[in-house]
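Residue-level listing of the chains:
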Amino acid sequence: MPSLAFYLFALLAVAGGVMLVAFRNPVASALSMVLSFVGLAGLFIGLNAYFVGIVQILVYAGAIMVLFVFIIMLLDLNNEEKVKFRSSTLVAGVGIPLLLAVQVLGVIQSGPTDEEVAFTEITPDTMKESAAELYPEITEDTPLKDRPAIYKSLTHETSPKLPDTNLIGHTIFSGYNFPLQVIGLLLLVATVGVVVLSKRSNKTVAQDVSES
Amino acid sequence: MDTTLLIAAAIKIGVFIGITLSFVSICVIFERRFSAIIQDRVGPNRTMVPLSILGFKKDFALPIGGLTQPVADGLKFILKEDFTPAYVRKFFFWLAPALVVVPALLTMAVVPFGSPMQIGESWIPMAVADLNVGPLFVFAIASLSVYGITLAGWASNSKYPFFGGVRSCAQMISYEIALGLSIIPVLMMFGDLNLGHIVEYQAANGWLLLPMWGEGWTLERWLMLLPLGIAFVVFTTSIFAETNRMPFDLPECETELVGGYHTEYSSMKFALFFMGEYAAMVVGSAIIVTLFFGGWSIGFGLDGMLPIGAWWVSLLHIGCFLTKVTVFILFFILVRWTVPRFRYDQLMTLGWVVFFELALINVFLAALILAFPAIGWGGFIGGFIALVIVSFLLIKIAKGASTTTREYGAV
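Residue numbers (my numbering), protein chains in the order written: chain A, 1 to 212; chain B, 1001 to 1411.
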């Protein structure tokens, strides 16, 4: 039985999505998208994935959508006029969500059953166990400063916590280091490309200044 | 869910939001008195209870100096006419002030006010939400307050507020980068994102910028003072820019923009922007204190002698934390009344050309020092030379970029 918070945030996410499509005012649409992102972040946090949830807000709601709103305001777009539906857009609009729904159903059907999954609840005791499993070489005598941060967080005396940020970092940098570097390089190339394409040379700037 | 924890959470939400809000009003009186001292004036040193409007002969003065001034200010704002101009976009016009105040108050949820209290078997952390992503939560929620200011500027449907909103939006996005990059050395040092754990570490092993007890007397910690000092300067300055305070209050620069994004607002809606700015200032001070100056810890190894968990120790620590926050608020006010306002292109150059590069180099400097035990002298010297060369090139490129912006004008 999902908790009340799940329904609240799921409703927020869906309502935001519907409002995004329904509103005619571009700023209102952009803000409903923010609302939808906040709802999604709430769902992630409900799954104990604090890092993913917060990054959802930090990156999407806090950075990308701010730029969207900024540009919409600068362009001063007016309310979108109602356009007549063409049959091709209608088919695409119904067909693609249907395909997605079929895929979601397929994933749900083929996924593991409840017995197979057997979730372990996150409590201080289970966290201590998994810390001992992860770092079998650490004993009671190991001085505090030699213990890794993940171990310290899992076995903390007053507030033991699942260090999900550290665990994500650990997985990415030890298991997928090479793909990460490749993606980083790809993003760098994209950034440099954008700068080169959008940068006006000093000559054209000087021309513009003298013309105006 | 434990009933004790639930009740404790409810109490904590009430008390900590209450503390933050009362700090906001205390800030106002501090600001007025402190600026008066700086400018050799008297300031509001008495506030009367206006009995004369009830028909009495004389007003009654409370014998506590001007401390009741915030009450008078608040009453004034509530009783003023709340005027909404006819040409504004109503819904967004009303939404904007709330979007400024709420994020500022929300960020206070992860700040640990005091040491954890022990009630029965369970430990109760003195933060509303003892999250494991503390600093990230603060940045994420604080970045939402941009919406409030931008919307205020846009919804006012008038020239100068719009300029103010756009300026503020650009400024906050720019400084968020420096803000996020600057604390990476700090987080590398702790290896933990939980603000409660961070403060406990500092209580035992010396504050970040004062490693004088516990394991603080190591060469590594003292070498780390250089990158951490740079991190502190960049972080504090970026907080000034994020809160739109002097010397970075270009969004409300009255000589150019009348009043900035809140020109069209009156009464309590205007007061909400005011409150949002001060609440952001309080939260900013709290974060600086928590990361760099040991949060609630008394320091000098005294915390180890106290029985952590007893209720009076928690209260003592809360008092200590609030004292440190007050000191930082006074610092904010001191800067506001002594440093003149920047020009807008100077502000952008400082953010993108100086702080961004400085924070980036700083991350690698901190990494080099922290990695010394693993890489030995050879790696250290090699890395250091590489870092110097890269920094030199970066500074050269940055200098070229800043002259281009100066010649052709920045946005």
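Wrong hints could be hidden among the right ones.
To be verified - Cross-link-like lysine-lysine pairs, in silico, DSSO-like; alpha carbons within 30 Å at most:
| id | chain 1 | residue 1 | chain 2 | residue 2 |
| --- | --- | --- | --- | --- |
| 1 | A | 152 | B | 1399 |
| 2 | A | 199 | B | 1399 |
| 3 | B | 1080 | B | 1057 |
Because the hints were derived from the structure by calculation, they are not lab data. Note that this is a predicted model, so its numbers are computed, not measured.
Verification of the hints:
1. With a C-alpha separation of about 44 Å, the suggested pair residue 152 of chain A and residue 1399 of chain B falls outside the 30 Å cut-off, and the hint is violated.
2. Simply put, residue 199 of chain A and residue 1399 of chain B have alpha-carbon atoms about 17 Å apart, close enough for the 30 Å limit, and the pair holds.
3. Between residue 1080 of chain B and residue 1057 of chain B, the direct Cα distance comes to roughly 26 Å. Compliance with the 30 Å bound is thereby established for this hinted pair.
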